[in-house]
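Number of protein chains: 2
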Amino acid sequence: MDEFYLIEKIKKIIKRRPRALVRGIGDDCAVVSPPQNRKILVSSDSLAEGVHFDFRYTSAECLGRKAAAINISDIYAMGGIPLYMILNIGISLNRGAFDTEKMIRAFSRYSEKHGACLIGGDTVRAKSFFLSVTVIGEAKTEHLMTRFGAKPGDRLFVTGFPGESGAGFYALRNPKKCRGIKSSEALKKRHLEPDLDPVKSRVLARGGVVSSCLDVSDGLVSDAGRIARESSCGICIEYEKLPVSGKLRDFSRKIKKDPREFVLYGGEDYELLFTAAEESAGETVRYCAKRGVRVSDIGFVTGRSGICIEKNSKKEKVDDSKVWKHF
Amino acid sequence: MDEFYLIEKIKKIIKRRPRALVRGIGDDCAVVSPPQNRKILVSSDSLAEGVHFDFRYTSAECLGRKAAAINISDIYAMGGIPLYMILNIGISLNRGAFDTEKMIRAFSRYSEKHGACLIGGDTVRAKSFFLSVTVIGEAKTEHLMTRFGAKPGDRLFVTGFPGESGAGFYALRNPKKCRGIKSSEALKKRHLEPDLDPVKSRVLARGGVVSSCLDVSDGLVSDAGRIARESSCGICIEYEKLPVSGKLRDFSRKIKKDPREFVLYGGEDYELLFTAAEESAGETVRYCAKRGVRVSDIGFVTGRSGICIEKNSKKEKVDDSKVWKHF
Chain P
4 MDEFYLIEKI KKIIKRRPRA LVRGIGDDCA VVSPPQNRKI LVSSDSLAEG
54 VHFDFRYTSA ECLGRKAAAI NISDIYAMGG IPLYMILNIG ISLNRGAFDT
104 EKMIRAFSRY SEKHGACLIG GDTVRAKSFF LSVTVIGEAK TEHLMTRFGA
154 KPGDRLFVTG FPGESGAGFY ALRNPKKCRG IKSSEALKKR HLEPDLDPVK
204 SRVLARGGVV SSCLDVSDGL VSDAGRIARE SSCGICIEYE KLPVSGKLRD
254 FSRKIKKDPR EFVLYGGEDY ELLFTAAEES AGETVRYCAK RGVRVSDIGF
304 VTGRSGICIE KNSKKEKVDD SKVWKHF
Chain H
4 MDEFYLIEKI KKIIKRRPRA LVRGIGDDCA VVSPPQNRKI LVSSDSLAEG
54 VHFDFRYTSA ECLGRKAAAI NISDIYAMGG IPLYMILNIG ISLNRGAFDT
104 EKMIRAFSRY SEKHGACLIG GDTVRAKSFF LSVTVIGEAK TEHLMTRFGA
154 KPGDRLFVTG FPGESGAGFY ALRNPKKCRG IKSSEALKKR HLEPDLDPVK
204 SRVLARGGVV SSCLDVSDGL VSDAGRIARE SSCGICIEYE KLPVSGKLRD
254 FSRKIKKDPR EFVLYGGEDY ELLFTAAEES AGETVRYCAK RGVRVSDIGF
304 VTGRSGICIE KNSKKEKVDD SKVWKHF
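Chains as they are written, first to last, in our numbering: chain P, 4 to 330; chain H, 4 to 330.
Keep in mind the hints are simulated off the structure, nothing from the lab. Beta carbons are placed, not taken as given, at the ideal position from N, Cα and C, and that holds for glycine. Nothing false has been slipped in among the hints.
Quick look at which bits of chain H chain P covers, simulated, 3 or more residues with Cβ under 8 Å:
1. 17-30
2. 34-41
3. 52-62
4. 78-88
5. 114-127
6. 147-153
Just chain P, same shape as in the assembly:
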């Protein structure tokens, strides 16, 4: 496969060509017209073979789709909409059978589903396979949700059911132990093919009560740590209030694990974790529910730094090593 062939293929894969795109794939840069009366959002994430995905259970399609989803999720977490995607691929020489075209197609399709268009990138050889994605989006200034506005006394919320993806990952890594557990299939799918609901972000961004927000990618505890750090405060998670889905409950019972461990430390949920002032807490839950977005009130913001978990009316501080990613 040569570069020329691949570029021509990619050009054909792309269906949607936004009007603001002046020049797409094929030049030194992609050229776009700037959005009017909007802020520009930029985010970037990398996925490396053997660290973020395993080709034993990740297909080319799943990988492409997931690479798009986790990046678009960052735009939604800020209250924006995605516009342009840039995809860099490091193709390892020992991965001849891997279908790069299928991966790019899945990446492009999923991006287009969310209104974004693949406009550029780079394909290189590498010793081990990696993907780096940059997404560019836009948001109205008044819709921006950042990580730095949480205040002591605010309540902590999360959308949907975090923990399912983490449980699915566990099932993928422990196939013998999980054989025959019916609920594990849906959980695995949740891990391999995360699906984003733009409505969650839109409802929160327009609701006007969110004081801080991010998407849960590394686990509830880690990501609460990020809000705490950026907002110079602490966060207390109330263990008994954590939402546990029926599937996760069933799965956890069968493998004899506490489902809430998946909720706290699982990661890759791409649900939104956010804070809002205590006085608007009840209203926030009702407002979201009315618009089809399930949110759970799971804790509160404190004046002391760090993350703690309140369980059986006892508070316990989470060790920093469980909060921050290590290299």
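Given the coordinates of chain P, work out where chain H should sit on it, guided by the hints.
Just chain H, lined up with the frame of chain P:
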């Protein structure tokens, strides 16, 4: 080293904070205000260990600086100026001694030298080391230089002295053969620490005669192939007109190689390769020279596809396998 430590370090490394930057490192996305009356340029490049660089002769500083330079070069090649840099790092576990901080510092310094600011990115673990950089810039519409405007009859030009970087790379890979050759030191430096001159791009973009342009990254022949393909034409390079610097001439004589092979196939020069109408050819060279930019008239655009080299009044077509990058 944990994530928190690294993010705090990076925040301190960044000296320049442009006014248009609403939110930098620390959130799901960086947030910027869109430029007014300008187009936005976006480009992305990846570098993989063992393919694009070798830690045996590439220091952390050189790598950081080069990663910034090759991306900024794409912005200059379109006639724009760089504004924002996004840096993704895949850190391999077996590279404990590598100084990530030094690399980021060099990346940030070089970007700032060219007016651009590091605003975000991602740091992940990986099986082998890689960098993916995205650069966002801006250009006035009338200054845009693309790859698709070359017309049969146009002349082909190149700035400076391509081939020096390729010769430096040869010297790095063949230390025994090149020991004692004085000129090799400057050539090696040219390869390891490419330096960009924004004046070249500015002069060409404002001159108003350029019909197509790109930066020479994969070699003169490869990159002429890109102009030819995007402009649906062919290009003929006149061998005898290729510029050869004194250093390259000296080095090539000592290793008994044709210096023009480095000029044609070396790569990583980051000089600008461009076309202009024949009637403005002489004027183009004089206009550039007056502004301190050396350009050489090295060939012409043809109506037939592909790249050919004219040597001793004989034209020979270059095989496509020498033009396109293979994976």
